[in-house]
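Asker: The residues making up each chain are set out below.
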Amino acid sequence: MSGLFGLAGAALVGLGLYGLIVHPEPLRKILDFNLLGSGVFVLFGVIARRGAAAGLGGDPISQALVITGIVVAFAGSALAVALLLRLHQISGRADLGADSPPPAGDGPP
Amino acid sequence: MNQARTRSRAIEKSGRTRIVVFSSRTISGSRSGRFGEGAAADQTLGCPLASRRPTHAGVLCATIAAALAAVVLLLPDPAPTLAPQAVASLPATGLGNAVNGVLMAYRALDTLLEKVVLVLALIGVWSLAADRAWGGIPGQWRPARRDDALVFLARLLPPAGIVIGVYLLWAGADEPGGAFQGGALLAAMWLLAMMAGLLVAGPPERAPPR
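Line by line, the protein sequences are chains A and B.
Counted from 1, the first sequence has number 79 at position 79 by the working numbering; the numbering is strictly sequential.
Counted from 1, the second sequence has number 171 at position 171 by the working numbering; the numbering is strictly sequential.
Hints are computed from structural coordinates only; laboratory data are not their basis.
Don't take every hint at face value.
[Said to hold, decoys possible] Simulated DEER-style distance windows between Cβ atoms: (1) B/Gly124 - A/Ala52: 35 to 43 Å; (2) A/Arg93 - B/Pro80: 45 to 53 Å; (3) A/Val81 - B/Thr55: 44 to 52 Å; (4) B/Trp134 - A/Ala94: 23 to 31 Å; (5) B/Ala173 - A/Gln89: 24 to 32 Å; (6) B/Ala187 - A/Arg93: 46 to 54 Å; (7) A/Phe74 - B/Leu73: 53 to 61 Å; (8) A/Arg93 - B/Ala171: 20 to 28 Å; (9) B/Asp147 - A/Ala8: 13 to 21 Å; (10) B/Glu175 - A/Arg93: 30 to 38 Å; (11) B/Ala130 - A/Ala52: 50 to 58 Å; (12) A/Leu27 - B/Ala105: 35 to 43 Å; (13) A/Gln89 - B/Val87: 12 to 20 Å; (14) A/Leu27 - B/Ala88: 45 to 53 Å.
[Claimed, not checked] Computed footprint of chain A on chain B; a stretch qualifies when at least three of its residues, placed anywhere within it, have a C-beta under 8 Å from a C-beta of chain A: (15) 68 to 77; (16) 108 to 121; (17) 154 to 161.
The beta-carbon is built from N, C-alpha and C at its ideal position, and this holds for glycine as well.
Generate coordinates for the entire structure from the input sequences, incorporating the hints supplied.
Answerer: Here is the structure:
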């Protein structure tokens with residue numbers, strides 16, 4: 001059973017990495033980064049489950065690391081979304097076209 | 001200028017060069033793409049390349065996923081574990097749950113730095129506020145529209161949710177639970193009331209009529 005979850009975690013990492021590379025939009029990159037992180041968390045859960053010993057259902061070190069990782073990923077995602085929101089407020093667009101200047105009239109009031 | 005030259009050279013030359021250029025921008029994009037700089041470089045350097053040739057990205061990501069799956073599935077049969085050591089020292093911490101023992105005692109510095117990360121992210125979000133918003137009260141936020149189902153749930157769920165959240169924190173000493181789960185539930189109840197427009201983080205006279 002843990003093999004199935006291991007495959008699912010590895011597939012999530014692959015999908016998230018693919019989306020992170022292919023999609024140019026920042027919001028999609030944030031989502032894909034979270035998908036990648038979720039895959040890593042699932043992998044940690046599988047490794048914890050494989051390390052079940054001493055009457056426990058899993059290795060408590062790995063399980064505790066997943067909790068810490070979820071909090072840090074949440075903080076980073078919130079900051080990234082706030083940055084994107086501010087970018088949209090300032091420039092009126094939610095992508096990162098570095099070559100072309102922002103359209104006139106959409107600047108800050 | 002330099003980036004454009006690199007890109008045109010990559011397109012002109014053979015597919016091997018293209019892969020090299022592509023993988024270098026992959027690394028830069030995944031390292032700093034969340035904070036915008038790498039993504040900006042993607043737009044100028046490699047994004048047309050990537051959207052035209054997503055096959056390379058697919059092959060790369062499939063390889064990485066397969067390698068990860070192999071690593072996880074081919075762990076040695078007595079898998080490496082620290083559970084015996086964690087259980088052996090658990091009575092000294094006064095906790096009955098091994099995971100919370102790790103979080104609160106063995107790796108307490110990790111947990112402390114996790115809170116530091118949260119505070120830094122909060123400061124970062126605050127510092128993004130517009131200039132005219134400085135000096136005001138954070139979190140003044142009106143719901144876009146009043147949803148009757150949301151208001152109903154925001155009145156129904158928080159009493160039970162708050163009790164369950166406090167219970168999770170209390171039970172975390174000996175059972176699965178703890179500060180993370182209890183705090184997440186409490187924050188969800190607060191957010192639910194805020195999203196429904198029942199609770200405004202501002203002066204009381206500005207609260208919308210119930």
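Asker: What are the numbers of the hints that this structure violates, sorted from low to high?
Answerer: 3, 5, 6, 7, 8, 9, 10, 13, 17
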